[in-house]
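All chains should be modelled from the sequences, with the hints used to inform the complete structure.
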Amino acid sequence: MTQYIIKRIGWIIFNLLVLSLIAFILIKNVPGSFLELQILIGQAGTMGTGLTISEVEKVRGVETEMMKRWGEDVPLWQQYLTFIKGLVTLDMGPSFRWPTQTIEEIIANTFPVSFTIAILAVTIAIIIGIPLGVLAALKQNSWIDYLVSALVMVVSAIPNYVMAVFVIFLFSFWIPILPTYGWGQPKNYILPVLAMSFGPIGSIAGYMRTSLLDALKQDYIRTAWAKGGTERHVIFGHAMKNSLIPLVTILGPMISHLILGTVFVEGMFGVPGMGQYFSQAAGSRDYPLMMAQTVIFGLILMIMNLIVDIIYFFLDPRIRVSRR
Amino acid sequence: MDLLLSIDNLNVYFYRSEGVLKAVDGISYNLHKGEVLGIVGESGSGKSVSVLSIVRLLPANGKIVDGSISFDGKDILKLSMNELQDIRGKDIGFVFQDPMSSLNPVITVGQQVMEPLLWHNLCSREEAYKRAKNMLGMVGIPFPEERMKEYPFQFSGGMRQRVMIAIALICNPKLLIADEPTTSLDVTTQAQIIRLLKNMRSELDMSVILITHNLALTSNFCDRLIIMYASNMMETGGTKDVLNTPSHPYTRFLLDAVPDIEVEKELVPIPGTIPDLINPPEGCKFHPRCPMSMDICRTEKPPLFPVGDGHYSACWLCGRE
Amino acid sequence: MRRFLTIILSLVILSSTFLGTAYAEKVFRWSGSWGNTWDLSFHQGFIWVHMMGLTEGLIKWDKDMNPVKGMAESYTISKDGTVYTFKIRKDAKWSNGDKVTAYDFEYGIKYILSPKNGRGSFFGGAWYIKNAKDYANAVISDPNQVGIKVLDEYTIQFTLDGPHPDFLTTCALPTLYPMHRTSIEKLGNKAFDAGNLVTNGPYKLVGYTPNVEYILEKNPYYYDADKVEVDKIVGKLGGDPFLMYRRNEVDLINVGAAQLPVIEKDPILKKELITFPQSTVNLMYFSYFEHPAFDDRRVLTALQKAIDKEKICKFVYRGLAKPAYSVVTDLIPGSTANDPEVVEKFRFDPEAARKLLAEAGYPGGKGFPTVHFLIHSGQANDPLILAVKSEWEKNLGIKVIIDNYEQGVWSVKRFEIQSEPTFTFSGASYLYPDPAAPLTLNYAEGCLVASLKTKDLVEKVRLEKEQTEALKAGDEKKASELAKRIHNIIYTRSTPEARKILSLVQQAQRTTDPKKRLELYRQANKIRDINMYSSFPLVQPMSARLVKSNFEVPFNKYLVGFPVGFAYIRTK
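Protein chains in written order, with the working numbering: chain A, 27 to 350; chain B, 5 to 325; chain C, 78 to 649.
None of these hints come from the bench; they were simulated from the model. Every residue gets a Cβ at the ideal spot worked out from N, C-alpha and C, and that includes glycine. Careful, some of the hints might be misleading.
[Stated by the list, open to error] Computed, partial: chain B to chain A, Cβ under 10 Å:
#1 Asn86
#2 Glu150
#3 Glu154
#4 Pro156
[Claimed, not checked] Derived, one-sided and incomplete: chain C residues facing chain A with beta-carbon distance under 7 Å:
#5 Asn288
#6 Asn481
#7 Gln484
Put into structure tokens, the structure is as follows:
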């Protein structure tokens, strides 16, 4: 097992290198630069004081000190090596868009927030989603099943920013007990976590339903009935055990998605997470942040997959034994 | 001999979106204590459904619409779920066709063998462990103690079927139902499994219902045979009588289809196909494939005509005499 | 059980209200977005630092935006209007208790100008200082050549490149702010974090969570602290402002045309709504392309006369805008935005527009080239752009195609030479009420370029690209030769009107008499408004704010409608 994990970590590092190289080449070839965008959209758009095109042109090509490592005065491979060096030594320099924060600081400040929120949302989704899915599967084709299936469809189809407005109306206006916005107190977690958990509840419940129904059709379930098992024995002892294993595989991507893809919920409730930083990185050509984003996204996804595989290892004897 | 199981006019229907499928169309038979009954037929003939009905293990869309099943003096169809669960696994043991899919892949073999004892509260966990170990040894699994910790996928096909047999026999049942126990196995293993079943039957003194599509397996194991075709009983009687003097054309076809290594004989495939059971043919279900069919066969369903001692045949050819 | 729940619920609600009212501090909470750093050299959203009163220049604006003495105790201006000498008040203190000195101003202004630090496009009055522009553009590297001189600890002198009467008012803008040298040199980037940031204005920064909120508290060392009424300012940087306002979580929000119908229906909100004009014009510009139709003034007049701006203001903006006929708003002294001649020339008249187009050889739009609107993803839903397209198609029968690009790609496409006639859209705001705010010398020079015929403009751009290549290759000789050719194009092929504007602005900048100066700017504005066609003014938007009735907030019409300063907020 240890050997296997070490091997996997080696692969993760290799994959990250390939990923960052591809990202680097792509990012460096996208037209537009941070400064041009700042000036054209950030300034001239709203506050330009009779800014003329010739003035803008003078600013083009000007590079500040912090941008030098991304500048064109050194060859591309050297820039890439600088980036890798920064990555390894955890000294990736300041973000362009957040010039007084380094990339490491941004990640160190925001990752714990995003991670906590994501884990809480998934936990709630598991606590609510699994029983819902099981209930629907056991009462297949009854009104409960139809209700759960309809619910699953609705919450999966509604984007989480709409859910955000919905929970705000619910808990801040109709039952005015929670603030709509802010950070720092435990109560501030409730609404964003809730808004984020709806989608996962839907997918977990739906997945659990299908997975359990599938397990209940298996021959070994008939065997368990034939052995004189009660519902408790057969469903919870035999069917659930099998249907929970595939569920683990969707949790990995789900958590990584929640860690990184919660821009709207973050903005809506004032959650200081990673999403808002990253969502603006590409649009504003913030090279250091874009690169960090690519690497972090890849890393989270691969680590989640590794964790899923490790959990799988303990849950599924077929893999455990064959890898021993 | 005492009567153990009595089935009378059993009708099982499957409710499908295309229509109602008569899976078992009014069959009746008795089984005595210690007797071995073979039920033979092609797949889809209703032989599995007829035995699954005995413990009411039908799929959700299957329903027993008529008839009665009496097991050990109990009216099965009137039992509550609890009473039924008490019989399953304890008084009636089941062995299914595919030992791979019939065993739970993520639970250890030992646990699966112990479960019937534990679920029926027959003994403590330690005692169950001991008995499971012994039983696994009895069905011919070497090093049972080590192998109990392993999972089904670590066993070969034949070994898995032995595990299934151990599960079925662990509670010392009065009746063992083996539903095509050898179909997914190779020929040598098939013989071993049948030999094992035979030994276990005499050792544990129980009744056995063996379901198979292979007549050859029945000859030196079964006391009595039922030949089924398209949800109906075609012929029944003592194994020797049925095999030596088959009186139903379908039985004769089946016998011709049995591969015989000693006699170099051409396999004769049965002409035609199994009828659509949602819209079955009128009269005798076999008439569209029967080379000897007559006018009456197309309109009226033949009753079981006696053709010998305890030997009956559902064929108008036999009824004419 | 239900009863129990009700009790719990009401306890929760009660306790939260008590917690709210027991707080004696006066807190003002507002919703707005913020730049991404508190380092003044990064000019993103820089202006707001000023508004929030974190830092204060030698001059500050009073609540009606008149320049008054801030950190300066007194000042003298040389006769020729080029040397400004300020005496700093002795009681001026930083938020950590240090005294504010002339060195802090020298350090701060040079820090902002330095090409090594952050970079913005607008330097305001700082560019009037001798050699400041060259230093900022890295033409010269010695900061001592910049016309800033510390005479003693409390006296600082600025030498300008000419007389600029508006220099005084631009001293209130952040590009001429002091910075706290010791903390920046000691802490580097960390000096701009909450808690570390040392400021000299009425407030100090005590908390900042990026994307979430910042908290300002009164600076006890501020010389005028007695007159600052609100103890604490909370800026909320996200959320749905309208929901937060209605939930009583913020006291001030911006509202747009979309929310107006809801506000109109609510008597309380209706009372709290404040609207005021803004010194901003939304415009459309020519891109670089070559087409004789766009050198024909009849065509350009027709295009402008075909846009029903009244209708757009009424329906697209729901009254939160007024038609604009000049690129300089009427909030700027010397503006000719309301000059009857200007308005008449470009007023909506589809008949006249069609006639002009027909005279130019395109009756009913026949034979007229397809026009492209080059927009970025941020503008994709801008109803103004769609309205202009539909007006032109309907009234002139010409075809318009909208090309929507991702912002970064747009920023590059924007400067490419287009094969077909192309427009881009933007807005222009003027930051302080002085005629020179829009009409800088730079702008006047820009007018020369803007007056070029399309083919000359394209030629100029081609030469500039060659020049950049030559500079990259290190061919100085070729580059300077190209520069000469570019200069030639600008000065010989531009229109006499554009050259007249330039000379008027040059003249105005040398004029110290305010009346004469204003008249010169007015003339320049009028010539531009009537004769320059490279940009079409569309509308002048208005700001709409909701302010809780217990606060009185003076708004700044020049800085896109934010409060003039938090120090001026009063409670009622």
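Hint by hint, here is what the structure shows:
{"no.": "1", "hint": "Asn86", "verdict": "holds, 8 Å"}
{"no.": "2", "hint": "Glu150", "verdict": "violated, 13 Å"}
{"no.": "3", "hint": "Glu154", "verdict": "holds, 8 Å"}
{"no.": "4", "hint": "Pro156", "verdict": "holds, 9 Å"}
{"no.": "5", "hint": "Asn288", "verdict": "holds, 5 Å"}
{"no.": "6", "hint": "Asn481", "verdict": "violated, 14 Å"}
{"no.": "7", "hint": "Gln484", "verdict": "holds, 6 Å"}
Violated hints, listed in ascending order, are 2 and 6; each of the other numbered hints is respected by the structure.
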